[in-house]
Amino acid sequence: MGNENTILSVQDINVFYGPIHAIKGISFDVQNGEIVTLIGANGAGKTTTLHTISGLLRPRTGTVVYDGVNLSKIPAHKIVERGLAQVPEGRRIFLQMSVMENLEMGAYVRKSNENLDADYEEVFHYFPRLKERRKQIAGTLSGGEQQMLAMGRALMSKPKLMMLDEPSMGLAPILVEEIFSIIDRLHKGGATILLVEQNAQMALSIADRAYVLETGTITMSGDAKSLMNDDRVKSAYLGG
Amino acid sequence: MSLVFSQLVNGLQLGSIYALVALGYSMVYGIILLLNFAHGDIIMVGAYTVYYSMTMFGFHPIVSVLLAIVISTLLGVTIEKVAYTPLRSAPRLSLLITAIGISFLLENGAQLLFGADTKSMNVLISGSVQIGSTNLSLAAIVTIAVSVVAMIILTILVQKTKLGKAMRAVSEDMGSAQLMGISLNRTISFTFAVGSALAGIGSVLYLCAYPQASPTMGSMLGLKAFVAAVLGGIGSIPGAMIGGFAIGLLEALASAVGLSTWKDAVVFSILIVVLIVKPTGILGRKITEKV
Chain U
1 MGNENTILSV QDINVFYGPI HAIKGISFDV QNGEIVTLIG ANGAGKTTTL HTISGLLRPR
61 TGTVVYDGVN LSKIPAHKIV ERGLAQVPEG RRIFLQMSVM ENLEMGAYVR KSNENLDADY
121 EEVFHYFPRL KERRKQIAGT LSGGEQQMLA MGRALMSKPK LMMLDEPSMG LAPILVEEIF
181 SIIDRLHKGG ATILLVEQNA QMALSIADRA YVLETGTITM SGDAKSLMND DRVKSAYLGG
Chain F
1 MSLVFSQLVN GLQLGSIYAL VALGYSMVYG IILLLNFAHG DIIMVGAYTV YYSMTMFGFH
61 PIVSVLLAIV ISTLLGVTIE KVAYTPLRSA PRLSLLITAI GISFLLENGA QLLFGADTKS
121 MNVLISGSVQ IGSTNLSLAA IVTIAVSVVA MIILTILVQK TKLGKAMRAV SEDMGSAQLM
181 GISLNRTISF TFAVGSALAG IGSVLYLCAY PQASPTMGSM LGLKAFVAAV LGGIGSIPGA
241 MIGGFAIGLL EALASAVGLS TWKDAVVFSI LIVVLIVKPT GILGRKITEK V
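So the sequence lines, in the order shown, correspond to chains U and F. For the first sequence, position 137 matches number 137 in our numbering, and the numbering has no gaps at all. For the second sequence, position 65 matches number 65 in our numbering, and the numbering has no gaps at all.
Derived by calculation from the structure, the hints in this document are not laboratory data. Certain hints may be false.
[Unchecked claim] Derived lysine to any residue pairs resembling SDA-like cross-links, with alpha carbons at most 20 angstroms apart:
1) U:K78 x F:K160
2) U:K111 x F:R186
3) U:K78 x F:S183
4) F:K160 x U:Q136
5) F:K119 x U:Q136
6) U:K135 x F:L184
[Claimed, not checked] Covered stretches of chain U, as calculated for chain F (at least 3 residues, CB under 8 angstroms):
7) 87-100
8) 104-112
Glycine included, every Cβ here is placed at the ideal spot set by N, Cα and C.
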């Protein structure tokens, strides 16, 4: 930890919802160029952890250091400007706006329009279906397309670290495969990704390293391949 | 025929004022789910601004009008910063009660400062235009034209500009908008500024029709604009425009058929009917509660 290749370092954070102690002193880190996954059951605290990193929630104790800067005093909308993008759970695209306008909102933090068109093209390269539907109102897209739009929107902010919250949620297995192969391609293109998933099988298959979160505590961690073969992980998350 | 035509123009004149005021209600509701009952009183402050700058300081009417719009805008943003921003995460009922409190504060403050009597002033726009066999007041034509232009500018602002799109994003999903790097404070203040500027324009246009100012003048106008916003679908910008014109035309119709003493009752009956039959209004979006 603390070496200069570390893009994100979460140190001993405790997060509360009123009296409920949701995150109990967890620490983890992400290195540049990695896919790190946080797996765990519903209610384990995965989304809470992401919201704490992106500034929507604040830890009571502990620190989040991103790109060498302690984020504790920085408002959420300023954190995005620093290149930390989150694709929220349930996609949360702007349903009443067009596909193109959603992408424009992704580019909101940019100071200039330089290379903007090239970046739209890059998003369309990863998600050709968005190009076909660019004028359509986002609410008319299918679930898989909405997930693609949410990811494309995050890409438009040119993130140094992209956090994905349950990209497989509510999607048919074939679409889950498609989304994960795109995540894999993004990673091969150089993106650094923190992936939160209930679908441990898929997440471990593309990740470099993984952390297992159970009721607000990290119970296991290690490289993804070895966790995949770990008996405890197998029985709890991979269906035996 | 000419009576119908002139009533139609009267209705559109009144309706365009309602529409401008209703826009402020609807935009603010769309973004922070607050029924800003202090909104009507901004019109009153705008009217007093015109009155005093013309009678006491002897400013040119155009200067007075611009001053009224600027002061209305500043007042709206100040109210938002001082009274509503600290309650951002409070229950919505607290916000609503605060808005009613601000309304009382403005009305009674005006009474204290300016007195309870009605201040009359010279007409801002006089003269009339002959169209066919009908005489139309110039004030009515100017009112309708100014409102339509203001609404076109607003539509472009909301649909095409970066701030306008950010406004729509915040109004649809505040959390997600923050994740895009959109500043909530800035966007909400901008919404209040635009809504209050429209109220300022509305106050000037109202003075063109009724050249007088009193401390409570904003409350009835504000309430009717609120009915217009609900009729059009609160939260919807085109809805507020349609609702405003509809209420204005209905009032003119009520007067035309000899129910002029009943016109307020007609307007509020519409509120009741809308709330029973289609609470989301003409263009209101469906409220989907997230589980």
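Would you list, in rising numerical order, the hints stated earlier that this structure does not obey? 1, 5 and 6
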